[in-house]
Amino acid sequence: MLRCESLTKTYLSGGRELTVVKDISFALEPGAFVAIVGPSGSGKTTLLGLLAGLDRATSGTVELDGVSLDALDEDARARLRGEKVGFVFQSFQLIPTLTALENVQVPLELRGLSARPRATELLARVGLADRGHHYPAQLSGGEQQRVALARAFSNRPRILFADEPTGNLDARTGATVVELMGELNRDFGTTIVLVTHDADIASLSRRTIRLADGAMVWDSAA
Amino acid sequence: MIAPFVLRMAWREGRAATRRLALLTASITAGVAALVAINSFTDNLRSSVQDQARSLLGADLSFSSLQEFSPSTEALLDTLGQEGIARLTNFGAMAYVPRGAGVRLAQVSAVAGPYPFYGDVATAPADAWRTLQHGPFAVVDSTLLTSLGVHLGDTLALGDGRFVLTGTIVRAPGDAGVRSALGPRVFIPARYLASTGLVSFGARVEREAFIRLAPGRSAEAIAERYRPLLRDQRVRIRTVADDQRNLDNALQRLGRYLGLVALIALLLGGLGVASATHVYVRQKTETIAVLRCVGATAGQVFAVYVTQAAAMGLAGSVLGAALGVAIQQLLPHVLSSLLPVDVSTAPSWPAVVVGIGTGLWVAIAFALLPLISARRIPPLAALRQDFDETPRPRDPWRLPALALIAASVLGLATLQSGRWTTGLAFAVAIGLAVLLLWGASWVLVHAVRRWLPPQWPYVWRQGLANLQRPANQTMAVLLALGFGAFLLATLFLAQYNLLQELRLVGGPDRPNLVFFDIQPAQLAPLAREVRGAGYPVTTPVPIVPMRIYSVKGRTAEQIAADTLRAPRDRSGRRSAGGWALRREYRSTYRDTTVASERIVAGHWWKHPAISGGPVPISMDADMAADLGVRIGDTIVWDVQGTPVLTQVANLRDVDWARFEPNFFVVFAAGALESAPQTYVVLTRAPDARARGALQRIVAERYANVTSLDVSLVQDAVERLVNRVVLAIRFIALFSLATGAVVLAGAVSTSRFQRMRESALLKTLGATRRQVLQIVLAEYLAIGLLSAVAALVLALGAGWALAHFLFDLPFRVPIGALLALLGVMAGVAVGIGVWGSVDVVRRTPLEALRGT
Chain P
151 MLRCESLTKT YLSGGRELTV VKDISFALEP GAFVAIVGPS GSGKTTLLGL LAGLDRATSG
211 TVELDGVSLD ALDEDARARL RGEKVGFVFQ SFQLIPTLTA LENVQVPLEL RGLSARPRAT
271 ELLARVGLAD RGHHYPAQLS GGEQQRVALA RAFSNRPRIL FADEPTGNLD ARTGATVVEL
331 MGELNRDFGT TIVLVTHDAD IASLSRRTIR LADGAMVWDS AA
Chain Y
429 MIAPFVLRMA WREGRAATRR LALLTASITA GVAALVAINS FTDNLRSSVQ DQARSLLGAD
489 LSFSSLQEFS PSTEALLDTL GQEGIARLTN FGAMAYVPRG AGVRLAQVSA VAGPYPFYGD
549 VATAPADAWR TLQHGPFAVV DSTLLTSLGV HLGDTLALGD GRFVLTGTIV RAPGDAGVRS
609 ALGPRVFIPA RYLASTGLVS FGARVEREAF IRLAPGRSAE AIAERYRPLL RDQRVRIRTV
669 ADDQRNLDNA LQRLGRYLGL VALIALLLGG LGVASATHVY VRQKTETIAV LRCVGATAGQ
729 VFAVYVTQAA AMGLAGSVLG AALGVAIQQL LPHVLSSLLP VDVSTAPSWP AVVVGIGTGL
789 WVAIAFALLP LISARRIPPL AALRQDFDET PRPRDPWRLP ALALIAASVL GLATLQSGRW
849 TTGLAFAVAI GLAVLLLWGA SWVLVHAVRR WLPPQWPYVW RQGLANLQRP ANQTMAVLLA
909 LGFGAFLLAT LFLAQYNLLQ ELRLVGGPDR PNLVFFDIQP AQLAPLAREV RGAGYPVTTP
969 VPIVPMRIYS VKGRTAEQIA ADTLRAPRDR SGRRSAGGWA LRREYRSTYR DTTVASERIV
1029 AGHWWKHPAI SGGPVPISMD ADMAADLGVR IGDTIVWDVQ GTPVLTQVAN LRDVDWARFE
1089 PNFFVVFAAG ALESAPQTYV VLTRAPDARA RGALQRIVAE RYANVTSLDV SLVQDAVERL
1149 VNRVVLAIRF IALFSLATGA VVLAGAVSTS RFQRMRESAL LKTLGATRRQ VLQIVLAEYL
1209 AIGLLSAVAA LVLALGAGWA LAHFLFDLPF RVPIGALLAL LGVMAGVAVG IGVWGSVDVV
1269 RRTPLEALRG T
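So the sequence lines, in the order shown, correspond to chains P and Y. In this text, residue positions in the first sequence follow this note's numbering: the first is 151, and each later residue adds one. In this text, residue positions in the second sequence follow this note's numbering: the first is 429, and each later residue adds one.
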């Protein structure tokens, strides 16, 4: 489903080269639920960005559902994301000017598909059937993240990337959200890549990859 | 496939940002309003001219001449005028009412025949014109009644003639306020003309014959046929089409130039759009990044925001067009005294469509530059706000976007002015002014930051530092506000300097009353009369009327017939028998130069003319150029039938703006003394009343002598200048309005940011009063800085206008400019504080929570 080979990312910072992801290789099967863990600054989010095609690697390759990301330009990668990828962010990243329902509709509408029934169904699935017409500012953090989750699943993604999805939530709400992700993973067979520094949350996954200083130091599947 | 998403997204996004977008919209509203108002008004004016063209001339054809029509011309008039002929004899004369005290130089027209054939002379009472021919009656401009302090029913004296005032003119053919501003009109029946005794030698009398043609006969064809023949006899032919064409051209030019002033307001609005869009895109960075994450292409994101800008541009333009149509109702009132026809105020749909189209175009063109940067917001920005963006090469679309703006300015200016050269000059001038204003603003903002005294109170330092808060729009606001102020200040400086010069011309030691058409025998008694009243009399200046017989051995007729060698006219075109060749010259003779002239070539003669040889003459340099003569060339003059051979001895630069007897041609003394001539003398009387009394005495005793109170001319010119300036200022005000809207937009866009700032300050212990003072300091600085930048530039522009265009010394009305400074500061503070009520009022917790 997802394969990366010798993935390296180097930034120029204040004139110095800073390698934040060092030579990482692994592969995920369809339906996998993997947690990428590590302390702050270990390169988790950068790795996630590279895997999702949000950024280009300095060297190495990423193959997503059989498509090599390196060969695609920005817009082609955007289209690929629109078809196959879902996202959940630490700060929810709902579009503040859109209602909950409209936020969920966006990925499908981008592809010119009918969106409303599916979005309504997904909101019900995350327990927000009656909150569809509320704006993000009118929802609690947990509710916002559930809307984000519904949005992430609206286009039936083959793979879901979640960046610290519980980082801005209290422990109980956080656990509920990740449980919900697990359910969706089981029900839809979506591969899930979860970045977190919370060991309890990571334990809900079926595979854990640990980073330190940009390098992969442990893989529970190895 | 994409379009529905783009439209839906643009709608949903816009829906939540109505307030911010509304201000973006309003940025171009004022400009479109000005443009639609002006263009709609001009369209109406032109169609009114078309509808009322025949009543402008009052006939199909008119013949006019400053001499009696020759027998052959009379024969032609008889033939052509079988359907109808009317005549006017026009001349200047002193008008007074014997039982009253005043006197006034009037433009008298003696009417014979059923004038006008088309349109009518509207009078009060209504039948005054119809009954004019029934007796020795006079119908006059109401200003004459006012200035003489008399009423209908009184008896008006014109020379030896006496006329009962039976009505005032409400509207007459060819009624353009400018003409009557210089002297009220008086219409009398022609059969009583002789009773005045005023049409004598030396008087400048114009004869006009108005012809009504049989249906189907073409006035144009007749004019075409007879014009060359009658030119030699110095008869001018006008047709309805000529009048219409001239007026139409003039109106079109007026409309186009006022339209350019309106366009400035619109372009400033474009600047406001660009600035607001820039901030808007910055605020939308996360949203755009998320859209990119969930699969939106750069093109889709770009399309969403361009659609929003276009929708807002359209809304602003439609609103502006509606406003423009409303304002257009006011314009005829502002300009009424300058208009020759009644103007309808119906909206002109072409003007509305062009206005909306222009507004939409400006909104899109100016929004594109900031919007192309939206394409480059990476999806990674959603993941981490502090993403470390590796430096990218400059956006290749930046240059085309800038080029589009430049091309738009050029295109719109060309469209508005009708000429690409004018369009280019306008675009370059605007570009230069924006650049200079930008530079001045930049220097001021940075100077404030750099040299802000650290001992100043905190609230002032904070307020001024706020000018440079992140995502500020200070430069755009300074530019938009400043440009409006710059326009108004420049206009004011030009007007002030023109009028000031006019007032100084009539300074305390200058003559202010002119008597002309004085016969030689009247000279001594008249001078005695004036001196007797206690006023000085200048040396009499003789005036001898004459025409050109030949230039450099070729007769005027020969030159006129030879278009290739014909003299050039003022516009540089060679015209057979140019004005310079055919006109009547009123020349003088003397041995010295006067203060209002300067020798630019050759030398003034040392001795009077010697009999037998050519008489040395001095010519106005421009007139010499028109005639194609240089120093040493010979000209033979026809002085009342006597040929006089002359040789050009020198050329002069004449300051015609001075109210003095100035001449195109001055003869050396000794040659013209025995020619038939009249005299001009000048005097100075301290006040209008004394001048009036003196004029009255002279008018009663010397009926043929006309006199002119210079201050009345000054008043008339001043009124005219003020009216024209009022029209331009009215349109220029829209630029200032646009500046105010851009400022309001900037205040609104930064509201949330300022709310957080003030919440933080309040948390740290700032009182509401201090927060208010900070707001005051910030907007006071914006108002003052924009005004200072504008004034610096306006002083430069005003000086250049005075120096190069008007050729005047430059004077600065310091009080008025300081007042402008105060107004600008007031406007900026007003808008700033009005938009910051929330910022001051909210509790810190409310603001920090963002509820």
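Errors might be hidden in some of the hints.
To be verified - Far from chain Y by the CB rule (all over 12 Å, computed), these chain P residues:
| no. | residue |
| --- | --- |
| 1 | Arg281 |
| 2 | Gly292 |
| 3 | Arg322 |
Stated by the list, open to error - Only some residues are given here: those of chain P computed to face chain Y with a beta carbon under 8 Å:
| no. | residue |
| --- | --- |
| 4 | Asp225 |
| 5 | Ile245 |
| 6 | Thr247 |
| 7 | Pro257 |
| 8 | Glu259 |
| 9 | Leu260 |
| 10 | Gly262 |
No lab work stands behind these hints, which were simulated from the structure alone. Quick reminder that beta carbons are idealized off the backbone N, C-alpha and C, glycines included.
Hint check results:
{"no.": "1", "hint": "Arg281", "verdict": "holds, 17 Å"}
{"no.": "2", "hint": "Gly292", "verdict": "holds, 18 Å"}
{"no.": "3", "hint": "Arg322", "verdict": "holds, 23 Å"}
{"no.": "4", "hint": "Asp225", "verdict": "holds, 4 Å"}
{"no.": "5", "hint": "Ile245", "verdict": "holds, 5 Å"}
{"no.": "6", "hint": "Thr247", "verdict": "holds, 3 Å"}
{"no.": "7", "hint": "Pro257", "verdict": "holds, 4 Å"}
{"no.": "8", "hint": "Glu259", "verdict": "holds, 5 Å"}
{"no.": "9", "hint": "Leu260", "verdict": "holds, 5 Å"}
{"no.": "10", "hint": "Gly262", "verdict": "holds, 4 Å"}
When each numbered hint is compared with the structure, no violation occurs for any of them.
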